[in-house]
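Asks: Residue numbers (the numbering used here), protein chains in the order written: chain A, 1 to 329; chain B, 1 to 499; chain C, 1 to 322.
Keep in mind that the hints are not guaranteed to be accurate.
Partial selection, computed: residues in chain C whose CB lies under 8 Å from chain B [unchecked claim]:
1. 8
2. 24
3. 146
4. 203
5. 206
6. 210
Restricting the straight-line Cα-Cα distance to at most 30 Å, the calculated cross-link-like pairs of lysine-lysine (DSBU-like) are [claimed, not checked]:
7. A:315 / A:301
8. B:385 / A:315
9. C:313 / A:119
10. C:283 / C:152
11. B:48 / A:315
12. A:119 / B:271
13. C:283 / C:313
14. B:390 / B:436
15. B:239 / B:48
16. C:44 / B:271
17. B:343 / B:271
18. B:436 / B:239
19. B:343 / B:390
20. A:119 / B:385
21. B:436 / B:385
22. B:436 / B:343
No lab work stands behind these hints: they were computed from the structure. Please read these numbers as outputs of a predicted model, since none were measured by experiment. Ideal placement from N, C-alpha and C gives every residue a C-beta, glycine not left out.
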Amino acid sequence: MNRFRTPLLWPLAALVALLVFNALASPGFFDVEWKDGRLYGTVVDICNQGARVPMLLALGMTLVIATGGVDLSVGSLMAVSGAVAAVQVNAGASLGQAVGLALLLCSGLGLVNGVLIAKVRLQPIIATLVMMVAGRGLAMLLTGSQMVPFKHEGLTFLANGAVGGLPVPIPLVLGVALLAGVALRGSAWGLFIEATGDNETASRLAGLPTGGVRLLVYAFSGLCAGMSGLLEASNIAAADPARMGDTRELDAIFAVVAGGTALTGGRFSLAGSLVGALLLQTLTLTLYNQNVPPAVAPVPKALVILVVCLLHSPKLREQWGRWRSPSPA
Amino acid sequence: MSGILQLHGIEKRFGDFAALRGVSLELRAGEIHALMGENGAGKSTLIKVITGVHAATAGTMELEGRAIRPGSPREAERAGISTVYQEVNLLPNLSLAENITMGRQAMWGPFIRHGEGRRRARAALARLGVEVDVARPLGACPVAVQQMAAIARALEQRARVLILDEPTSSLDAREVAELFGVLRRLRDEGMGILFVSHFLDQIYALSDRITVLRDGGYVGTWEAAALPRLELVSHMIGKPVAAAEACAAKEEASAGPRRGAVVEVAELERKGVAGPFSFALEAGGATGLAGLLGSGRTEVARMLFGIDPATSGSVRVDGRVVSLTSPRAAMAAGFAFCSEDRKVEGILPSLSVRENIVLALQASRGALRRLPRAEQEALADTFIKALHIKTRGPETPMGALSGGNQQKCLLARWMAVQPRLLILDEPTRGIDIGAKGEIEALCAELRRGGLAILFISAELEEVVRNCSRVVVLRDRQQAEVLEGGAISLRQIMETVAAA
Amino acid sequence: MNRLFSSRLLPLLATALVLLVLFGAAGAHYEHFFSARVVLNLFKDRAFLGVIAIGMTFVILSGGIDLSVGSVMACSTVLLASLIMERGWPVPLAMAATLVLGAAFGGAQGWIIHRYGIPAFLVTLAGMFLARGTAFILSSRSLEIRHAFYAKNSAWGLPLGEGLTFTLGPMVFVSVLAVAMVVAHGTRFGRNVYAIGGSESSAALMGLPVGGTRIAVYALCGGGAALGGILSTLALGSGDPTRGMGLELDAIAAAVIGGTVLTGGRGWMVGTFLGVLILGTIKTILDFEGSLDPAWLRLASGGLLLGFILMQKVIAIRSRET
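Okay, chain A solo, but in the shape it has when bound (with noise of 0.2 Å):
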């Protein structure tokens, strides 16, 4: 009975489903080629599409969304990454220099997130938009607000190179995810974030750093939102400050929500949220394959997002159970 209600369940479901419906609808779906020391396939595809963007912004924006926050600058700390990264390399600074730095900028902004959320007290969308408009400004200013392509053999082979045969962005935040995990469920960052989440004051009163917790949340978020920028950045070997992760944070609030975290913050699940990442990208690919223009995409996936939080809803499932079962008035 309780392993039916694990919050894996529903994502993995309709993961399965959209698999097996695309390898009816496209033969040759499931096909893994291995060439050059490395895979090739449609599968391999939506993984490292997958693992680049909507699963590293996932990880950070489940931790936030735990607490009962949201964060809205993760797309705009992408394009910080990416021209930080971009600015640097091209000015001849190493590669960890380059990375280095873009994540410290990037993890500093999630701070100053956290710092407006946590003692300013704003509240977090609030705080998250501001950082929203000025960080897309701030990438702008740092490449003069042009596309800033790069020839750095190190910095492109972050999003383009292989390790073990799989493309680095794979391993990579399997890694992020493992190391996560370890640290939140080794420690009681995990304990105290749920409990953040869950009632922030009791948490308080039982001498949770409640405070704390938020500013490592948001910092962390600001962390995978520049190595997702820095992935973005390497795959394309350019930094794109106008467009690069313009409107991912639906995508991460997407497959957070999909991966069974509830908006209102709690019990969270990072395996789910990069199961509901994955389940966005096959999404995306599905509709692509069906001959749906991308830039009509983002329709089924806004309707998916409803859906999910009208079933999370309490008002809807009150109702519903008002229906099932007509109470005595």
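Fit chains B and C to the given chain A structure using the hints.
Replies: Just chains B and C now, with coordinates in the frame of chain A:
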């Protein structure tokens, strides 16, 4: 004098819980009628039924002889019943005039006649003897003026019945006097006024008749002039005066090793809220805080645990002054606090029983020194067994437990950190009799283990039964400290009821 | 009393001051900045933003937010263009249909927000994608509108002499502003919006129609976005599914810079007007300073947004303490 509002056998159930059990009440035109009762007596539920927030499960209501059944506050207001809440339920961002006329503005076609609205608001306030600039935003006015605006709104709605729910809790003495003058004037004009307050002085100063509720049931209605204070208190707490003589401190309460004062509280005060308080807490001893609702019981606890820190005074632990500026600081000083508001300040409903129990201990260890899972489970198991917590298992979500079992989990949470002082605010509220007894027994055991307990309860008997020292509070101040043999229900009641 | 007065109007005064300083500094620095043409262009350029920002102000006043306006506007331009060019609808009918659909879309969002208690930002974020995607479904490319009505009216306006005209866009903007000011200040609906933003529970206890007002506010905002779309087709002569990206942020920024508090219940329509002018002035300055990076526009609006939010926070804390 005629009954303007009559309630017959009002009953209100929330699921299995009966918040009101057959309450009848008659409010006459031209009287001020006090509604009294301790926490959970059903006062606010009754008011919500009258004002249409809740629908009664059974019973009837008549306003001026016509049966009514308001389905919303708006309908109640239209019928002529207006309410002034403690937390003034008006709009802080709009002007006084708008708050008074909102929903019934004078119109010119589709447009509001703001000038006419201001004139009507000024007139309504003038009837109450208040002269203010009605264009000021409500939020910028003192609470007293906000309350007057709420009453003016009732007048503007042509209310026949005015309900005031603890209107005086944030007013100073002069403002209270002004408010009472206004209420008397309205009474003399024929309005029926239902008045809820915890201050006995105010009840006796203002009301004509008094109705007492207890545990959702109707206790009785008396002429205020014919009801001695002591008797009123005894009706409220449900103990006859005669029986109170017999109930004195039990020997058991003073048992346990006495090791001198661990915590000394000196002149502790939060300006404008409560205080000053001075008392000592001993290892192995239980000190009770007794007083009626609103007497400052909870405020003391919140000061000691650093939630609403004191503005002056000091607290010493083992002779050293400690700083209590936050819950974390208070925990570092060895304090633990079980809040009276279990739902908002205690439980984490979607986390497991185990996680709820280890939370405070984990917090005091810091995030990086995680308690190993096996130890967490052992700890949870120990407490579940020791406190007889009824749960499917340690992984059941806290929200699925009954109130009494949640309370035991919260006790376990604090026992796990092995504090020097345990502050229990209403630890037995809203839980069944069996669990109450168990929790009291647990307290006694903790004391024998050398813990100091600060025990806060609205049930005076419980305080008498469990405490070796009782600090009696009245009007958010310390009234008296009783020790050992001097502790008796009668003594506490007399102090509480003193003018 | 004096201090109180100043703290209430402080945001509006600060906004006016920022506008004056910006405009003054620009006028001192650039030749020809102080000219009727610059001011007129500013109005013309920002007219559609102004209309949308006014709708947004209503939503924010009610304590909500609408992130879908930019997409709804884009969708409206394409819808209008395709109705006129591909279906051959008469222009006025096509415009009316666009307005109605925009309002219906907004109203539907408001209904979901109210009925199911889903956060406004999420519903309207989904709405943003729905509307943008729908725009692309209608047409993946920019659709030029070639029609006698457009040829006649795009340049139509009140002649102001010296070859300047007060064109239709600014005219609509100013009229919408005037109507919005009257509605917000002088009608029951307007006051109910403020009431819900001030305290939803109090408004309900006072018997005000909370649900209806909320749905109407989002419908109004959707209608405003559609009207903004219509204005932009008049100004640019085409419908384009990519138009208005990030416009929701400009609209929010204009409202907040104009003194509307993001938590709802406090603000002025005229403040939004000033906010639109400030954003327009910054843009004009960037245009004058051809070499200056457009990134500054983003940074400046982000900075102004944060500055004004923090000022509101400080004022809120100070007024609670007194």
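Asks: Each of the hints needs a verdict: does it hold here or not?
Replies: Against the structure, the hints come out as follows:
{"no.": "1", "hint": "8", "verdict": "7 Å, holds"}
{"no.": "2", "hint": "24", "verdict": "32 Å, violated"}
{"no.": "3", "hint": "146", "verdict": "40 Å, violated"}
{"no.": "4", "hint": "203", "verdict": "7 Å, holds"}
{"no.": "5", "hint": "206", "verdict": "6 Å, holds"}
{"no.": "6", "hint": "210", "verdict": "11 Å, violated"}
{"no.": "7", "hint": "A:315 / A:301", "verdict": "23 Å, holds"}
{"no.": "8", "hint": "B:385 / A:315", "verdict": "38 Å, violated"}
{"no.": "9", "hint": "C:313 / A:119", "verdict": "12 Å, holds"}
{"no.": "10", "hint": "C:283 / C:152", "verdict": "29 Å, holds"}
{"no.": "11", "hint": "B:48 / A:315", "verdict": "22 Å, holds"}
{"no.": "12", "hint": "A:119 / B:271", "verdict": "25 Å, holds"}
{"no.": "13", "hint": "C:283 / C:313", "verdict": "27 Å, holds"}
{"no.": "14", "hint": "B:390 / B:436", "verdict": "14 Å, holds"}
{"no.": "15", "hint": "B:239 / B:48", "verdict": "28 Å, holds"}
{"no.": "16", "hint": "C:44 / B:271", "verdict": "57 Å, violated"}
{"no.": "17", "hint": "B:343 / B:271", "verdict": "28 Å, holds"}
{"no.": "18", "hint": "B:436 / B:239", "verdict": "18 Å, holds"}
{"no.": "19", "hint": "B:343 / B:390", "verdict": "18 Å, holds"}
{"no.": "20", "hint": "A:119 / B:385", "verdict": "41 Å, violated"}
{"no.": "21", "hint": "B:436 / B:385", "verdict": "17 Å, holds"}
{"no.": "22", "hint": "B:436 / B:343", "verdict": "18 Å, holds"}
The structure fails to meet hints 2, 3, 6, 8, 16 and 20 from the earlier list, while all remaining hints are met.
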